[in-house]
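Novice: Sequence:
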Amino acid sequence: MFKKNYYVLIILSILLLFCGCSKNDTKSDKQSTIKYTSKNQKAENSKTFQFFKQNFDSNEYTMTLTNENEDGDEVITIGISTDGIVYEDEVTPSSHETTITTKDTITTIYYNTESYRIEKNETELQLSLFNSKDFEGKTYNAGNENIKGKEYYFEEFSDEYGVQRYCFEGNNLKYIVKVSEEKNIYIKVSDIINSFDKNLINIPNGYELYDY
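703 is the number that the numbering used here gives the last residue of the sequence shown; the numbers go up by one with no jumps.
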């Protein structure tokens with residue numbers, strides 16, 4: 492089961508989440524090669540900056556991130572609304588849970604373990620949406636990476652959390668890579684839409700509130 496961290500919802504925390512869950516090398520890790528073509532470029536000129544600005548800044552959105560593991564895919568669907576709702580649906584080969592965060596309450600629904608849900612009345616999460624401002628003032632290295640037989644253009648950024656590569660097919664973000672000396676974690680990005688369906692936050696019948 493994914494480990495929860497209710498402090499800041501940023502793309503790096505999702506990558507670290509996947510790193511903590513992965514027991515086997517990803518399929519992509521064994522089939523990738525990289526070649527750098529430029530270094531120390533201004534982030535504001537990057538595809539990554541423009542992609543985040545267009546799709547995430549001050550927008551509602553829904554997106555799916557997939558870690559393709561040999562023992563089964565791990566999938567997170569994230570939804571953000573303009574009125575401060577954060578929706579996370581997390582599916583692994585052994586678990587399925589949904590967390591809905593509003594300005595007042597965090598509700599976690601456990602689907603396949605027990606028919607119950609947990610609520611916290613004080614929100615611990617400081618909302619931080621995926622945002623182009625995260626890249627302002629930084630530099631990046633660019634190049635090409637072959638992932639599972641297909642070549643992608645990438646932009647690589649470094650910070651206190653480590654190194655991340657954002658891999659593009661044309662102007663579309665396809666992979667986020669957490670670079671590590673031991674192994675790289677390849678997160679497939681899909682189904683990005685600039686809207687949020689509030690029906691997603693409806694709590695199913697039969698999930699009783701657990702008091703603790």
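Honestly, the hints are just simulated from the structure, not real lab data. Model, not experiment: these values are computed from the prediction. One should not assume that every hint holds.
[Stated by the list, open to error] Heads up, simulated EDC-like pairs for lysine to aspartate or glutamate below, C-alpha to C-alpha not over 20 angstroms straight-line:
no., residue 1, residue 2
1, Lys-538, Asp-595
2, Lys-629, Asp-564
3, Lys-689, Asp-595
4, Lys-611, Glu-651
5, Lys-679, Glu-559
6, Lys-530, Asp-682
7, Lys-641, Glu-660
Novice: For a quick check of understanding: which of the numbered hints are violated here, in increasing order?
Specialist: 1, 2, 4 and 6
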